[in-house]
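These protein sequences, in sequence, are chains S and V.
Just so we're aligned, residue 1 is where the first sequence starts under this note's numbering, counting upward by one.
Just so we're aligned, residue 1 is where the second sequence starts under this note's numbering, counting upward by one.
Careful: at least some of the hints might be erroneous.
For the chain V half of the interface with chain S, some residues (derived, Cβ under 10 Å), not all of them [to be verified]:
| # | residue |
| --- | --- |
| 1 | Leu6 |
| 2 | Glu8 |
| 3 | Leu14 |
| 4 | Lys56 |
| 5 | Glu98 |
| 6 | Cys127 |
| 7 | Leu152 |
| 8 | Pro191 |
| 9 | Gln194 |
| 10 | Val195 |
These aren't lab readings, by the way, just hints derived from the structure by calculation.
Ideal Cβ positions, reconstructed from N, Cα and C, are used throughout, including at glycine.
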Amino acid sequence: MHELSIALSIVEMATEESNKRGGAKVDAVHLKLGRLSGVVKDALLFSWEIACQGTTLEGSRLEITEIPVVVHCENCKTDQTLAEINNFSCPVCDEPTPEVMQGRELEVTALEIIE
Amino acid sequence: MTQTRLVEVRQNVLKHNDVLARELRIRFQKAGVFVASFVSSPGSGKTAFLEKTLTKLRSQYRIAALVGDLATANDAARLARAEVPVKQIVTGTICHLEAQMVSDSLQDWDLNELDCLFIENVGNLVCPSSYDLGEALRVVLISTTEGEDKPLKYPTIFNTADVAVITKMDLAEAVEFDLKAAHASIQAVRPAMQVFEVSSKTGAGMDEWLEFLQSKFVDGRV
Numbered sequence: 001m002h003e004l005s006i007a008l009s010i011v012e013m014a015t016e017e018s019n020k021r022g023g024a025k026v027d028a029v030h031l032k033l034g035r036l037s038g039v040v041k042d043a044l045l046f047s048w049e050i051a052c053q054g055t056t057l058e059g060s061r062l063e064i065t066e067i068p069v070v071v072h073c074e075n076c077k078t079d080q081t082l083a084e085i086n087n088f089s090c091p092v093c094d095e096p097t098p099e100v101m102q103g104r105e106l107e108v109t110a111l112e113i114i115e
Numbered sequence: 001m002t003q004t005r006l007v008e009v010r011q012n013v014l015k016h017n018d019v020l021a022r023e024l025r026i027r028f029q030k031a032g033v034f035v036a037s038f039v040s041s042p043g044s045g046k047t048a049f050l051e052k053t054l055t056k057l058r059s060q061y062r063i064a065a066l067v068g069d070l071a072t073a074n075d076a077a078r079l080a081r082a083e084v085p086v087k088q089i090v091t092g093t094i095c096h097l098e099a100q101m102v103s104d105s106l107q108d109w110d111l112n113e114l115d116c117l118f119i120e121n122v123g124n125l126v127c128p129s130s131y132d133l134g135e136a137l138r139v140v141l142i143s144t145t146e147g148e149d150k151p152l153k154y155p156t157i158f159n160t161a162d163v164a165v166i167t168k169m170d171l172a173e174a175v176e177f178d179l180k181a182a183h184a185s186i187q188a189v190r191p192a193m194q195v196f197e198v199s200s201k202t203g204a205g206m207d208e209w210l211e212f213l214q215s216k217f218v219d220g221r222v
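Produce the complete structure using the sequences and hints provided.
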């Protein structure tokens with residue numbers, strides 16, 4: 001499980017951003033989490049509280065938006081969303097779809113700051 | 001009165017690792033070193049497979065290996081039997097290698113003196129998938145004793161790999177390994193991925209694998 005170290009990185013990032021704004025209190029961190037990022041949402045949420053302990057982020061929320069895997073289908077010439085990450089084939093025509101357009105994200109998108 | 005304000009940030013959480021991996025990749029390319037990393041579950045035969053690979057190639061190429069493990073240096077000792085420079089990265093409680101660990105362990109090696117470098121990741125099919133190590137080729141291994149549906153259970157690591165190797169083919173019959181189902185599982189999570197079938201024990205399939213690898217060395221140097 002590497003979610004704790006990921007959570008610690010997010011806390012570090014948010015602390016830096018907060019410091020840039022004169023140590024503003026962070027109420028929530030918004031995160032985009034791709035289903036192919038290799039990071040598990042529940043494990044990350046579980047780690048969040050521990051990672052925040054003793055930091056200025058203690059008591060803050062981690063708001064996760066899960067990003068589905070979108071692939072490009074060469075046959076249909078369109079982008080398609082996959083229902084499962086262990087079946088990389090076009091949901092319309094069933095052709096294999098190796099080209100991943102979206103779903104690897106692990107990105108802090110915004111902070112909710114208390115003023 | 002307190003008010004909550006939304007501040008846009010947009011930062012990749014693994015930025016530090018990704019930047020370092022990119023720097024490593026450039027260093028490897030400049031020095032003309034082809035770098036391959038190996039990921040699999042514990043006990044899939046990574047070390048035996050690497051030992052065989054190193055032994056076969058060492059007379060023609062200048063090779064070195066980095067080995068990641070949580071606690072012991074046993075694997076490095078095994079790889080050292082192939083008589084190439086080997087360094088162990090003991091990760092402690094960390095379940096994967098990161099670009100920083102690779103960078104740190106390269107400090108006293110002259111990359112210009114190498115043709116290729118092999119990096120054996122910690123045995124784990126989950127965490128290593130998120131970390132770029134600057135490698136040119138990521139190889140994922142699955143052994144015949146693990147079950148054909150491993151790729152379906154761990155799609156992310158298979159999806160981030162470039163080629164797959166099915167190991168312990170000498171045991172396939174004894175454990176009633178369904179080769180066709182295994183290939184189908186791999187293709188489901190990574191369509192068009194090239195797959196090799198090998199036995200480190202008997203040497204079966206090693207020639208095809210080595211031929212493929214050597215073709216990559218040439219590509220890597222261009």
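Here is how each hint holds up against the structure:
1. At a threshold of 10 Å, the smallest CB-CB gap from leucine 6 of chain V to chain S is about 5 Å, leaving the interface hint in force.
2. Look at glutamate 8 of chain V: its Cβ gets to within about 5 Å of chain S, closer than 10 Å, so that hint holds up.
3. With its C-beta approaching chain S no nearer than about 6 Å, leucine 14 of chain V sits inside the 10 Å limit, and its interface hint holds.
4. Among the interface hints, the one on lysine 56 of chain V is violated; its C-beta lies about 30 Å from the nearest C-beta in chain S, farther than the 10 Å criterion.
5. Hint status for glutamate 98 of chain V: holds, given a least beta-carbon distance of 9 Å to chain S, under 10 Å.
6. Taken as an interface hint, cysteine 127 of chain V checks out: its beta carbon lies about 4 Å from the nearest beta carbon of chain S, inside 10 Å.
7. The interface hint given for leucine 152 of chain V holds, since its Cβ lies 4 Å from the closest Cβ of chain S, which is under the 10 Å cut-off.
8. The interface hint given for proline 191 of chain V holds, since its Cβ lies 3 Å from the closest Cβ of chain S, which is under the 10 Å cut-off.
9. Hint status for glutamine 194 of chain V relative to chain S: violated, with the closest Cβ pair at about 12 Å, above 10 Å.
10. Given hint, valine 195 of chain V at the interface with chain S, is violated; its Cβ is 14 Å from that chain's nearest Cβ, farther than 10 Å.
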